[in-house]
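Student: What follows is the residue order along each chain.
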Amino acid sequence: MTGFVLRRLGAALLVLLALSAVVYALFYLAPGDPARLACGERCNPQQIAQVREQLGLNDSVPTQYLRFLQGVLAGRDYSGGAGLVLHCDAPCLGFSYQNDRQVTELLLERLPATFSLALGALVIWLVIGVGTGLLSAVRRGGLTERLLTVVTLAATGTPVFILGLLLLMAVCAYLRWLPFPTYVPFGDDPEQWAWNLLLPWVTLGFFESAKYARLTRSSTLETLAEDHIRTFRAYGVGERALVTRHAVRGAVAPVIALSAVDFGTMIGGAVLTESLFGIPGLGKTLIDGVRVVDLPVVVGVVLTIGTAVVIAGAVADLLYAVADRRVALA
Amino acid sequence: MRQSQISRRVAAVAVSLVLAGGAAACGPEDAADKASAGGGPGASGSAPQKGGTLTVLNNEPQSDFDPARLYTSGGGNVPSLVFRTLTTRNREDGPAGAKVVPDLATDLGRPNADATEWTYTLKDGLKYEDGSPITTADIKYGIERSFAAELSGGAPYLRDWLVGGETYEGPYKDGGKGLDSIVVPDAKTIVFKLRKPEGEFPFLATQTQFAPVPKAKDTGVKYEEHPVSSGPYKVAKNTGDGETLLLERNENWDPKTDEERKAYPDRIDVRSGLDAAVINQRLSTSSGPDAAAVTTDTNLGPAELAQIGDNKELASRVGTGHFGYVNYLAFNPKVAPFDNPKVRQAIAYAVNRTSVVNAAGGSALAEPATTFLPEREAFGYTPYDPFPAGKTGNPAKAKELLKEAGFADGLTITLTHSNAQNRQTSPEIATAVQQALAAAGITVKLEGLETNAFNERRWDAKNTPGFFLSRWGADWPSGGPFLAPIFDGRQIVTNGSNYNHAQLNDPAVNAEIDEIAKLTDLAAAGKRWGALDKKIGEQALDVPLFHPVYKRLVGKGVKNVVISDWTGVLDISQVAVK
Amino acid sequence: MTEPLVDAVDLVVDFPVGAPGEYLRAVDGLSFTLEPGRALALVGESGSGKSTVAAALLGLHRGTGARLGGTVRVGGTDVGSADAGELRRLRGGVAAMVFQDPLSSLDPYHAIGDQIAEVYRIHTTATRRAARARAVEVLDRVGIPDAARRARSRPHEFSGGMRQRALIAMALACEPRLLIADEPTTALDVTVQAQILDLLHGLREERGLGLLLVTHDVGVAAGSVDDLLVMRGGAAVERGPVDRVLSAPRAPYTRELLAAVPRLDGPRTPRPRPATDADEPVVEAFRLRREFGRGKRRVLAVGGPDRAEGVSLAVRRGETLGIVGESGSGKSTLGRMLVGLLEPGSGRIHHEGRETAGIAPGAQMVFQDPVSSLNPRRSVGESIADPLRAAGQRDEAAIRARVEELLTRVGLEPGHYDRYPHEFSGGQRQRVGIARALAPQPSLIVCDEPVSALDVTTQAQVTALLAELQRELGIALVFIAHDLAVVRQVSDRVAVMRGGLIVEEGPVDEVYDRPAHPYTRRLLDAVPALDPGLAARRRSARQEAFA
Amino acid sequence: MSVLTTGPVPAAGVTTPAAGTGRQVWRRLRRRPSAVAAAAVLALLVLLALAAPLFAQLTGQDPNAYHDDLVDSARGGVPLGSFGGISADHWLGVEPGSGRDLFVRLLYGARISLLVALGATALQVLLGVAAGLTAALGHRILGRFIGGVTDVMIALPMLVLAIALTAVVPPDFPRPLLLVLVIGVLDWGGTARLVRAQTLSLRGLDFVEAARLSGNGTLRIARRELLPSLAAPVITLAAIKVPTNMVIEASLSFLGVGVKPPTPSWGQMLSSAQTWFRADPAYVLLPAGLLFVTVLAFTVLGDGVRTALDPREGSRLRVGTGKERTT
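Residue numbers (UniProt numbering), protein chains in the order written: chain A, 1 to 330; chain B, 1 to 578; chain C, 1 to 547; chain D, 1 to 327.
These are calculated hints, taken from the structure and not from any lab test.
All values derive from a computational prediction rather than experimental measurement.
C-beta atoms are modelled at their ideal positions from N, C-alpha and C, and glycine is treated no differently.
Worth double-checking, as some hints may not be accurate.
[Claimed, not checked] Here are a few chain A residues that face chain B, going by a calculated C-beta distance under 7 Å:
| hint | residue |
| --- | --- |
| 1 | P45 |
| 2 | Q50 |
| 3 | V51 |
| 4 | Q54 |
| 5 | N99 |
| 6 | R101 |
| 7 | E109 |
| 8 | F180 |
| 9 | T182 |
| 10 | G278 |
| 11 | P280 |
| 12 | V292 |
| 13 | V293 |
[To be verified] Coverage of chain C stretches by chain D, computed from C-beta distances (three or more under 8 Å per stretch; other residues unrestricted):
| hint | segment |
| --- | --- |
| 14 | 358 to 364 |
| 15 | 383 to 393 |
Work out the full structure: start from the sequences and follow the hints.
Tutor: Structure representation (structure tokens):
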């Protein structure tokens, strides 16, 4: 167990290191001068030079990268004017070029929105997706199954922004059931939080539900075809008990584990949904950062997303191993 | 401000600019406006009362809320509620609003004979939010802070104009010596010594850098979290670097010392980071607290205008304003074939301004332009059209010119534009130009760049593209900040941001700019700026395309909307919600 | 004894295949009865329908689309017409089934005791606690040591034999009157198989259970049942008391079947005199060792514990070395090292006197699984031609001629060149595999369980072919198998492996008749005998040994 | 990584190499009406896309020609006339703001969507198969390295990097090719994982061992023994990838980093249409509908191909036919 954790941790760190290096390298190839961005409009050459010096942009790219790593591990100090030294605690991801905010702080501020979005979608796909999948597996050949096939196909055929757009069009513009969604933090007003996230949740949840319904269905069918199910059938266990007691666990274990992976991916992957519904989350931050070549923000977000994915992967393996004792933690 | 752009900071600049504005002329199409007090939209009837909370729904956050860092035209809209400056905008509708008036100072400043020295005296009874008195030393300190590299941002004028400004590195690095060209003989008086005559100094003194900052309260980059207020409101909460900003009354602000700011609402709640669509949707629904809401940075889009259509109620809540701005096709005459004036003229003839205006959102959002200066009196607007293209272009004439230039078989050129979705330097405008030139036998290849790369290219004097979309906005309503950075040969910057795209260095033009700068009679100066614009325009160094128009919704319960020709948006300091 | 425990009349089972309306007949008009307390074995080769019959007794075909004809009554219940409740009562309560693969037949997520308790509670009104107690009781009965504690273990924590015991315990839980065992020992090693068969026997004697044993192994049936029913193609070929059928089979098929079963006591086909020791060995291995994995997961495959000697052996021209051992003994790993498919961890291998590393020239292999040993996407001719092409042969006509010659040689037709593997039966595919091995004219062929996936009649044909080819071509053969009787039939010398080491090696007659190592003796004792009398004697001997 | 993270594993497993011959697969495919319908839709679409210049001529509409007279400038440029300005000249109406013909632009847009989706898929398969095979068959350290790179590739936020990459590349680089390269280069991880896993399990199969014994080199084994067996799962994966890639292209264009104007693309049209859904619904619904139908058709076809390649589904629940096992 400890070995497993250590090994996963090592691999995860390597992946994150590689990720940050790739992003760093990529961005130094990109056109655009960070100093000019940080300095703002109508900076004269002296000002730009000062800013460049202050940001340490005169050093070689590897030096800058090493300093960045040092910041992540041990924190960094910045001059804040008026004799003020700004200490940026580890993990320090630096300051945004664009509005010189601490990236760590910025990310912490954006995380709740993304998390809210992903959480709602998770609940939807676990309840609706997995539920429908189980139902259609148990009632094979029934109407549910047929409907499910159609819906899942339609879902895989719809780009997320089309569904989102159509939902906005129908629900907000024509039917006027809901106002235009505006993200409201949970802490401000839980009810508004939920109402405003409803459409994004439905949009994202729909796709994931379709995927999970399909997955659960095939996983359940596979489990139902396993030998041990046959054993219990041969001992007079009823069909319902077969499913609830013997099939569900095996069928749903991989689904739940995969949910963890998808949840992690969604922390960074809901770019389009965030963009479409104007949710100030990580994905939107990232796109905005990429557009203006705001390196610290981009590296920060990519690392956060990478971390989320890596953690999710590990959680998935753990969940799976806990659910299925046959699987060794390798 | 000048080019607005995409970066958030820059956009923020644009926002503040916009915010800064005052009342603008209501568009003639807004019949419903007549009812409202200021001529802008808004609920009519009863007189404005104090009280209530005004909500500001914005796209761009009010980031870097530090007077040293803000880049505003006339002190900004929201910033001007907290920071008082030596002078400020006249808060009136239309052309009257483009005038500069005293604020902290008793007058617009007293120049010496050649306008190289400006002296100001403070009014009596001026206090900060903590009740301590405002002194000229604090104004000097505030300006000095803006030179610090840590507090980047702001306009370049102080650096360019003040004696010693080009080398000064701010109060954190000067060993306490300060900047010698700002003299404070006593707590009420302040003198600025300039390198050359600047008749428009009173306009500069409207910018937030002229707001007082008590040295004892300076916390460097953290000052923005709670800057010390000299205006009618103080910062109660500032989260997410200006994403939400809550302003409350500053009880130590004395309305008797301030003729400009009305300050009706008790609180101003600025919420930003919202999508344009959301802002406009909320304003048009105008339910609950949104009835007392305005936006200072978000236009109605073309689709939304199409939708408002015949809805009188909605149309009555649309405020129309003009901010001094021009969108144009820029040439770099050092690059062939744009070194040939005939080619440039041919392009000027070929341009279809109807397509371009449609691409910019239609006639409600853009007015076709043939002059560089905006069509407002304050800028010294003088109509001219040296290469009449008519409404939809004159490809025949263009072909003729091309033939004369030796391109009888047509011509292939590249148009550089940005990928920003701003309907200004964006792909829509570029393709409209492309199509129009095609009719004249000019094949246009498009080169779209991401915003930063685009700005760097067009501001890079050594590598300026031959033909690109550009735009320019005014730092204050005058021809000076409009023409000088673009056409003054001494403002060609070779290793920084260069705005003189054509790299025009005409001694006659330079001399005229210097001459006008000496005038302290702004009306007289205006006339001469207009004449200069016309003279330069005949050289076809650029093709003006359109001047944008601002169309913005306000909530149902908003009163006393004032839109000046300075900012083109409603002035928050005038708005009432009761 | 008013009514038979099982009464099947004209049983027909059809499975749907492919298009709707198309059926495959698995059981074709089978009738038989089983009296309470008696034991009947259904014996047959694959595809004979014997397992289908077992499933039909419990109505397990319901809901799968299969069609049933005739009637089956089990313990008085008409399985065909019983409602769901009756069927559930029948299953486990009257008749309990023991399946082939004990690992996959238990739910991996629940403790074994809980699984048994669950079944018990379905058929009784017992409390949870009582059911658990019952689970421990039956586990104890089937010989699970420390049953109370082990009841909390999950299946993967049990060994194969223990799992099968647990399955039997589950079957016992509700005191059924009939035990249906479908290939209960097929997945087990021979020594474990003997224990399980003994357990079944003991339970029958103790509780008077009826037993329906389904098996392909006549030997297994011989020692366990009273009556034998030989099936082929879904129908009965012969039935009768086990002694009579085995000693005096009436049907030709039964005779053929019995003749094909390799026996430990049967006559051996005379082997040609193997080469003398003076001949240089074709392959010689010195102190081979091999392990897999590292750290905690290190598995010693060949070579035994760290200080052991490793494995050394030599095979000469025209000689067959049989290697026997139970699963995990390292025999396959050894085989793969001999041909160079696996690198030895340490030790050396000489081919024709020269040390080799990697793929050994002149060494070939015949694999166990006739399905996976041929590329399904290439014609068998191409598969056989592959070594020729790899050796640089370019003349298409020559290649084709050679392949056709080989096909003929292994008993197939030249015209089979362009056919694909799925068009062949298992035995035919194994012939193709042999042809491929012969193609490069090897000096050594390692056969890794070459016949264990085949039916006995086919087994006999393939082993005969191998022996014939060897005689003719003088190839050195290494014959790896778990089945001691098969090895005895084809080998000159035999090596017995256990735990990665050769525990005993010598000429076949010597090792089989006078085993020196106790493990060899245990192995030989565990092999089911075709003679019911001998089986009974051996059983009592084993019981005494363990008593 | 472990069990779970083995990426997208389509149902077709290599462990049953007997997926059948090409002809059988074809026959099974033809028996599914949904797959046939999807194929027909796609064929029609490809035809229309190929014939886009023809239609441009037929209707007399250049995809990039502006029609200022067809839009109401004072109302934000909304098309004059009903249903987005449908007329005899403009079969599906015109684009708000510019008055460009929608029908012809949609057809030209189809070319981009199809080209990028198919091209990117081909590149992904190529890279994925190469990487997967190398990882499975190459030296252990090389295999680990490639495995690591694959993990990183999968962990990367693909859309974001695609956006970043499109910003780095010089603007005169042909855009559709760039999209193919970006999508292809960033998203081969899944294919590589699949191929690696399948190859590893195939490699243990006896017929591969037999090929090694016959003296075949690694390359020859990969080409002759492994690739044919990998075809089924790889084709299945590719069939799933095509619609995915089409959506990615549309998403990139939707986010404004796709093909350059004035080249039309569906995603781009949707992007500019998103504010118009009330003023000019036709402008939103047309590209959205087309994209939906196309992606759906690819998905249905892909599903059909998967089932045709892996006919096990139907025959899974059979009882009592467990093969006798020995060893």
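Student: For the restraint on A/Q54, tell me whether the closest CB of chain B is nearer than 7 Å.
Tutor: Holds - the Cβ of A/Q54 comes within 7 Å of chain B, reaching about 5 Å at its closest.
Student: For the hint on A/T182, does the least C-beta distance to chain B fall short of 7 Å?
Tutor: holds, 5 Å
Student: Less than 7 Å between beta-carbons is the criterion; does A/F180 satisfy it with respect to chain B?
Tutor: Check passed: Cβ of A/F180 comes within 4 Å of chain B, closer than 7 Å.
Student: Taking the least C-beta to C-beta distance, is A/V292 closer than 7 Å to chain B?
Tutor: holds, 5 Å
Student: Would you check whether A/V51 satisfies its interface hint, that is, whether its CB is within less than 7 Å of any CB in chain B?
Tutor: holds, 6 Å
Student: Can you verify the interface hint for A/E109: is its Cβ closer than 7 Å to any Cβ in chain B?
Tutor: holds, 6 Å
Student: Using Cβ atoms only, decide whether A/P280 comes closer than 7 Å to chain B, and label the hint accordingly.
Tutor: Result: holds, 5 Å to nearest chain B Cβ.
Student: Tell me whether the statement that chain D covers the segment 383 to 393 of chain C is true, taking a Cβ distance below 8 Å and needing three residues at minimum.
Tutor: holds (count 5)
Student: Within the segment 358 to 364 of chain C, is the number of residues with a Cβ closer than 8 Å to a Cβ of chain D three or more?
Tutor: Coverage by chain D holds here, the residue count being 4 at a Cβ distance below 8 Å.
Student: With 7 Å as the cut and Cβ atoms as the points, is A/N99 at the interface with chain B?
Tutor: holds, 5 Å
Student: Can we keep the A/P45 interface hint, with Cβ of chain B closer than 7 Å?
Tutor: Status holds, d = 4 Å.
Student: With a cut-off of 7 Å, does the beta carbon of A/G278 approach a beta carbon of chain B closely enough for the hint to hold?
Tutor: holds, 4 Å
Against the hints set out earlier in the document, no violation occurs for any number.
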